[in-house]
Amino acid sequence: MIHDYPFDPANGHTLEQLLAVRGPEEPAGFKEFWEETYKLVRAMTPTYFIERELWSPNAGERIYRIRVKNWDNTEFVMTIARPEKSLGGLVIGQGYGNPAGPMTSEFGLTTAFACVRGLGLSQCKDIPWTADRHVLHGIQSKETYILRGVITDQWMTASVLLDMFPDTADNLNYRGASMGGGMGALLLPWDARFKAAWLDVPTFGAAIRFDYESVGSGEACRLYLLEHPEARSVLAWFDASAAAKYIRIPVCVSPAKFDPCVAPVGQFSVANAVPEQYKTLFIRDTGHFAATESDKRKAERMKAWCQAVFTAKDKAAAARQKQS
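Residue numbers (the numbering used here): 52 to 375.
Hint data in this document are derived by calculation from the structure and do not stem from the laboratory. Be a bit skeptical, because a hint or two may be false.
SDA-like cross-link-like pairs, simulated, lysine to any residue; straight-line CA separation at most 25 Å [to be verified]:
hint, residue 1, residue 2
1, K296, Y89
2, K176, V119
3, K308, Y329
4, K120, H188
5, K120, L105
6, K82, D242
7, K354, L70
8, K373, T331
9, K136, E157
10, K82, A243
11, K193, R93
12, K347, D59
13, K82, A282
14, K354, L332
15, K136, M215
16, K176, G189
17, K90, I300
18, K296, F81
19, K120, D214
20, K120, T155
21, K176, T98
22, K366, F216
23, K354, A243
24, K136, I101
25, K82, E327
26, K193, Q174
27, K120, P97
28, K176, N124
29, K347, V266
30, K82, R244
31, K366, A220
32, K193, L274
33, K364, Y297
34, K364, Q328
35, K82, L286
36, K136, R244
Pair ranges (Cβ atoms, derived) [to be verified]:
hint, residue 1, residue 2, range
37, D262, G189, 20 to 28 Å
38, L277, R93, 32 to 40 Å
39, P280, G111, 50 to 58 Å
C-beta: ideal position from N, C-alpha, C; glycine also.
I would like the entire structure built from these sequences, with the hints used as guidance.
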């Protein structure tokens, strides 16, 4: 790839080497920590109110902007787009681009999109909204680190969606790219409500990503660790590759071989950790960079995978068929 970055966005790895990347051993109690965090959200009755209904470009679709209070009294804003005929539910995880929404529905599903705490419509005085500072917020402990909070915001988003539209419970899916992909890997294993997912160029992979420069939120972590190496013990609890091995639903994963924002070694650590029997792998040439012609074709195939699997009653069978 022709570029002018002062570092190698391929991390000096061949595809064969990327496919061999594995994450470190998880901290003792990792699984229990996430299961207990999930229980905190599920123990709370969804507390929210609809601020307003928004215009939709799609005939028959209704879009709602909703303010939500989470288990720790932190508020965030989300939208739900309800198509005229809904085939189920979809939660979309945001990236660090600070989108303000609203999202329209995708794949014929009732689609929920949250601006997680501190970002987009959920900006507040207590949490930095720039990516380089947001990703370091509360890093002093696993209990206070920002990623614990944003994962619980995603779980609560699902709870609000299911509370407003109970008919989506039998077919709840997840899609997220970049930060959204990493959040997906961290939240899916512990939440049996989700039936299938697409994780695109996922962040928060194994600690090997801190060995490489980038221009994304991971660079803020890398630079912070140079002066505060003790923070590695906190970040280990938020390793998306450690969580991904516990995924037990059909998942499409699409890591990139070349990415200036999210180190490919981290992306592949997540993709490689998903158990083979649940994984459909699409390898992208680039991420957060101009798409190649091959990637444009793959994007259409990935969307077709989502359309088929997200709307299928037998998701495992649909995933096998699309993979073949």
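Subject >> Violated hints - listed by number, lowest first >> reply: none
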